[in-house]
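Undergrad: Chain order of the listed sequences is P and C.
Residues in the first sequence are numbered consecutively from 1, following full-length UniProt numbering.
Residues in the second sequence are numbered consecutively from 1, following full-length UniProt numbering.
Any given hint could be a false lead.
[Stated by the list, open to error] Have a look at the derived ranges for each label pair, beta carbon to beta carbon: (1) P:Ala-66 <-> C:Arg-134: 13 to 23 Å; (2) P:Gln-17 <-> C:Leu-130: 38 to 48 Å; (3) C:Asp-4 <-> P:Gln-17: 35 to 45 Å; (4) P:Ser-6 <-> C:Ser-2: 53 to 63 Å; (5) C:Glu-10 <-> P:Arg-124: 38 to 48 Å; (6) P:Arg-134 <-> C:Glu-127: 26 to 36 Å.
[Stated by the list, open to error] Residues on chain P that point at chain C, a partial pick, calculated with CB under 8 Å: (7) Glu-16; (8) Met-56; (9) Arg-60; (10) Gly-63; (11) Ala-66; (12) Tyr-68; (13) Cys-80; (14) Met-81; (15) Met-82; (16) Ala-84; (17) Gly-85; (18) Thr-86; (19) Val-88; (20) Phe-90; (21) Ala-145.
Simulated from the structure, these hints should not be mistaken for lab results.
Backbone N, C-alpha and C fix where the C-beta goes; we use that ideal spot for every residue, glycine too.
Number of protein chains: 2
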Amino acid sequence: MSTDHSFLCEAIAEAEQGFAEGGVPIGAVLVEEGRVVARGHNRRVQQGDPIAHGEMDCLRQAGRRASYRGTTLYTTLSPCMMCAGTIVQFKIPRVVIGENRSFGGNEEFLRARGVEVLVLDDPRCLELMLRFQREKPAVWAEDIAE
Amino acid sequence: MSTDHSFLCEAIAEAEQGFAEGGVPIGAVLVEEGRVVARGHNRRVQQGDPIAHGEMDCLRQAGRRASYRGTTLYTTLSPCMMCAGTIVQFKIPRVVIGENRSFGGNEEFLRARGVEVLVLDDPRCLELMLRFQREKPAVWAEDIAE
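Chain P extracted, bound-state conformation (with noise of 0.2 Å):
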């Protein structure tokens, strides 16, 4: 397995743990010299807090910080524009997306502002958030104000 996607399957743990408390199954983690500095899943459930998106949360739990140089922020989805924003705004320079099936569409986004993106199609991603999807479409349409 890759490094890349041995760190994808600490955010997809990220993600499961936010799916059994009931919340949107999205996670995320952020590497910086071959190690994680900081973890974080979506708690828009869990905490009523519509900015607390998976990429957030970990950027939250990362705390203050000078530089993002040399982190990549792995994601188990793609990020939306309140997450590609941020991205862009914190000068993150790589990005590792689980999938970009059940939701995507700000690659470009991120790729015409510098950001290296990689998309790793993963399966276990794809189907956790179809389930989600299927199980739970009000708070999905909420999560993404659809």
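For this one, chain P is given, so just place chain C on it according to the hints.
TA: Frame of chain P, contents of chain C only:
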């Protein structure tokens, strides 16, 4: 004083509270049907939270919503790429900005995605930001990842 200026005053009060707390002096309020439904200010310093920009903190305080239709977000400073992405993602239809002289650049990003953007060019907002940028340049650089 116009209604927009009145609501901007409420965002300025949030910014001033943040400054008094030793934080980044940027405030925001979310208005719906002529009344303030949520308030917030940048809490990077106070909570060690890099995603807690004024607009984000306000949207967090607003809690879960099915829709932002009919809302206006007032912010003392032009939204960064994180906050602009969030406005688009949440489909907030209207943004009123205190000033965009000390920081800006995402007005066209918002307008191109259908958001109505009004810049009031308020001297109190500009004065507060310039004072903060002069007194705490390192915190400001960190807040915009520069």
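Undergrad: For every hint, state whether the structure bears it out.
TA: Hints and how they fare:
1. P:Ala-66 <-> C:Arg-134: 13 to 23 Å: 20 Å, holds
2. P:Gln-17 <-> C:Leu-130: 38 to 48 Å: Roughly 44 Å apart at Cβ, these two residues keep to the hinted range, so it holds.
3. C:Asp-4 <-> P:Gln-17: 35 to 45 Å: Cβ of Asp-4 of chain C to Cβ of Gln-17 of chain P: about 43 Å, so the range 35 to 45 Å holds.
4. P:Ser-6 <-> C:Ser-2: 53 to 63 Å: Taking Cβ atoms as reference, Ser-6 of chain P and Ser-2 of chain C lie about 56 Å apart, which means the hint holds.
5. C:Glu-10 <-> P:Arg-124: 38 to 48 Å: Given about 46 Å between the Cβ atoms, the range holds.
6. P:Arg-134 <-> C:Glu-127: 26 to 36 Å: 53 Å, violated
7. Glu-16: 22 Å, violated
8. Met-56: Holds, because the Cβ-Cβ distance from Met-56 of chain P to chain C comes to roughly 5 Å (cut-off 8 Å).
9. Arg-60: Since chain C brings a Cβ to about 5 Å from Arg-60 of chain P, closer than 8 Å, the hint holds.
10. Gly-63: 5 Å, holds
11. Ala-66: 6 Å, holds
12. Tyr-68: Holds - the Cβ of Tyr-68 of chain P comes within 8 Å of chain C, reaching about 7 Å at its closest.
13. Cys-80: This hint holds: Cys-80 of chain P lies near chain C, its Cβ roughly 5 Å from the closest one there, short of 8 Å.
14. Met-81: Hint on Met-81 of chain P: holds, closest Cβ of chain C at ~4 Å, below 8 Å.
15. Met-82: Status holds, d = 4 Å.
16. Ala-84: Cβ of Ala-84 of chain P sits 6 Å from chain C, so the hint holds.
17. Gly-85: Holds, because the Cβ-Cβ distance from Gly-85 of chain P to chain C comes to roughly 2 Å (cut-off 8 Å).
18. Thr-86: Holds: closest Cβ of chain C sits about 4 Å from Thr-86 of chain P, inside 8 Å.
19. Val-88: Val-88 of chain P check passes; min Cβ-Cβ to chain C is 5 Å, inside 8 Å.
20. Phe-90: Since chain C brings a Cβ to about 5 Å from Phe-90 of chain P, closer than 8 Å, the hint holds.
21. Ala-145: 5 Å, holds
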